[in-house]
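2 protein chains.
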Amino acid sequence: MTNKKKTTIKDIANVLNISPAAVSKALHDDSRISDKTKEAVREVAKELNYQPNHLASALRRGKSNLVGLIVPRTNSNFFSSVIQNIEEVLNKKGYNIIITQSNESFKKECSNIDTLLFTQVDGIIASMANETINLEYFEKIKSKGIPLILFDRGENNLNVDYIGINDYDSSHMIVEHLVKQGCKRIAHIGGYRHTRIFNNRIRGYIDAIKKHNLPLEEDLLVESSLTIEDGREKMKQLLALKKPPDAVYVAADYAALGALQVLEEENIKVPADIALVGFGNEPFTALVTPSITTVNQHSDEIGKQAALTFLERVKSPNKKQTLNKFILEAELIVRESSNKKR
Amino acid sequence: MTNKKKTTIKDIANVLNISPAAVSKALHDDSRISDKTKEAVREVAKELNYQPNHLASALRRGKSNLVGLIVPRTNSNFFSSVIQNIEEVLNKKGYNIIITQSNESFKKECSNIDTLLFTQVDGIIASMANETINLEYFEKIKSKGIPLILFDRGENNLNVDYIGINDYDSSHMIVEHLVKQGCKRIAHIGGYRHTRIFNNRIRGYIDAIKKHNLPLEEDLLVESSLTIEDGREKMKQLLALKKPPDAVYVAADYAALGALQVLEEENIKVPADIALVGFGNEPFTALVTPSITTVNQHSDEIGKQAALTFLERVKSPNKKQTLNKFILEAELIVRESSNKKR
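These protein sequences, in sequence, are chains F and Y.
Number 61 in our numbering belongs to position 61 of the first sequence; there are no gaps in the numbering.
Number 1204 in our numbering belongs to position 204 of the second sequence; there are no gaps in the numbering.
Since the hints were derived computationally from the structure, they do not count as laboratory data.
None of the values given here were measured: they were computed from a predicted structure.
Incorrect hints may have been included.
Cross-link-like lysine-lysine pairs, in silico, PhoX-like; alpha carbons within 25 Å at most [unchecked claim]:
#1 F/K107 with F/K140
#2 F/K107 with Y/K1063
#3 Y/K1063 with F/K140
#4 F/K46 with Y/K1140
#5 Y/K1140 with Y/K1325
#6 Y/K1304 with F/K107
#7 F/K38 with Y/K1325
#8 F/K10 with Y/K1304
#9 F/K63 with Y/K1107
Have a look at the derived ranges for each label pair, beta carbon to beta carbon [unchecked claim]:
#10 Y/H1194 with F/N339: 44 to 50 Å
#11 Y/K1046 with F/V334: 44 to 50 Å
#12 F/S143 with Y/E1139: 39 to 45 Å
Every beta carbon over 12 Å from chain F, so not counted as near; a handful from chain Y, in silico [stated by the list, open to error]:
#13 R1073
#14 D1219
#15 E1223
#16 L1239
#17 V1270
#18 A1286
#19 V1314
For every residue, glycine included, the Cβ atom is placed at its ideal position computed from N, Cα and C.
Let the sequences and hints guide you as you build the complete structure.
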């Protein structure tokens, strides 16, 4: 690679015969500059391999142009796809993203919030840890006056923008599908009720079971952290019942995979003897044998909407607080593990 | 959750009957405090649910206690496992981690470096983007005097600490294994040579092929970005040869998955007609049918060593630069896709 002099805003201005200030405004997507000029500036900047000095630019404008993310973990297709989509939208607008993971720990989430506030982020987009009950730290973000947007795992009491799918309806859709396959004894391996999304899935399961006059038994509804290991353990627990289920709806794909492993080990035919449904559309669900029926949570749309909501809040910080509750409809992807009629 | 008064360092000091200063030192792992006292302080802090104020503590000590990570992407089992292990070691030492992804883009990596320097990180642990050839931005980190540690995708010319596996030997191990299975025409779908690890894998492939007197043909060695799509395309290219290979060693698991899809679509028996080996031990390799033979890159050990190397550098910043090159031996995991002798 050659060691040419670094391209400056002035170089771009010279090529286009406009002022350096106009170039700077164009690069920061200033509304006073026409779209045509912005486009031209971006093209020349790209041709000359212009590298903006982020720090200098931030200090000049009193903004960091950083957006902080907090996710339970990054090694889930759902969260990494949401992150990807947030980045795509916000990078184009000149924001950089820094990611932190809570690993489902409340303490770590608090420390992540402190870290992000310390780094002067312009906003925080978060999905809450399983452990989180106390909302003090999220209130702290609000009190700093920077936008807070929650997705997937949110909390009504915080009164902030939220983007997610309709978890209650998703459970209805799943139970409906299993009933159509002829299942009569449907169990649910759910998450913990104190997390809103899992509570909604449990409520949806209970109401759908009642609606179809199916047995609603305490033993058929279990809560867990939904790891692979939890899926294994809870599946064994269900198999040990006097009357085991003929279908199991698991609230997360990794736990569904654990359940499937146990069913294979016990030589139980899936879906003939027990039908299985997961949640989240992790890529492996399409690859295993039998492939696992699951729910598409629209991670791409959730990511995009979270980013756009942030941009909206930054644009009109004093806008009267009308909460954007984007509740998307989930999509059931029927695969071998529950399809008895093929 | 109750709204009790927040626990302070003074509360911990009162319980243990020591000075608040001693508590603070203990919480920051100061060498002047005994391990016994540190242990007692940590226990009481936990019991009282003490939440340290990160910002105040950082300002007091002129340190951010942040470590920045740069990875090509987070949605790979290898990178997320490295991140996990780095966090486990550094969180215990009071460091918080912020993660950025380059998405294999040189420009994004530069902007990530600027972002992390802007947030005053105490060090950067990075794995380079596929696109990166120009090292100017990494030199910038070095010139700031903060530790830079590279893992997996590193670069000799930077003269910094590096942790990775022995890629050259890994290729030898794979070719050796395929020869033992009776394969006589072994192709390699590799990464780009300008990235050190992929260059080492290619060199290892070439030398091992020569050692076993097998045909070393231009058509049998192809380079790509190693996405699923690349794996599909390059596999089709190999199948279209006048003399197709009887084994394919793919330098990354996702590309190996793409190759496997094409082989299945073409009704080619794996491993009987063509044996297949991937690289990276992504979880899906054990789950697909046939399961894919692959290489364990020791992500856990790489993460731990990267974190420990950072701690070492922080402890002795003026230590004469003896580069820690932790080159770990990779491990071949033989599965159905290459095991002809079962």
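Against the structure, the hints come out as follows:
no.	hint	result
1	F/K107 with F/K140	15 Å, holds
2	F/K107 with Y/K1063	21 Å, holds
3	Y/K1063 with F/K140	23 Å, holds
4	F/K46 with Y/K1140	22 Å, holds
5	Y/K1140 with Y/K1325	21 Å, holds
6	Y/K1304 with F/K107	22 Å, holds
7	F/K38 with Y/K1325	46 Å, violated
8	F/K10 with Y/K1304	46 Å, violated
9	F/K63 with Y/K1107	21 Å, holds
10	Y/H1194 with F/N339: 44 to 50 Å	47 Å, holds
11	Y/K1046 with F/V334: 44 to 50 Å	47 Å, holds
12	F/S143 with Y/E1139: 39 to 45 Å	41 Å, holds
13	R1073	8 Å, violated
14	D1219	30 Å, holds
15	E1223	19 Å, holds
16	L1239	22 Å, holds
17	V1270	15 Å, holds
18	A1286	10 Å, violated
19	V1314	18 Å, holds
When held up to the earlier numbered hints, the structure conflicts with 7, 8, 13, 18 and fits the remainder.
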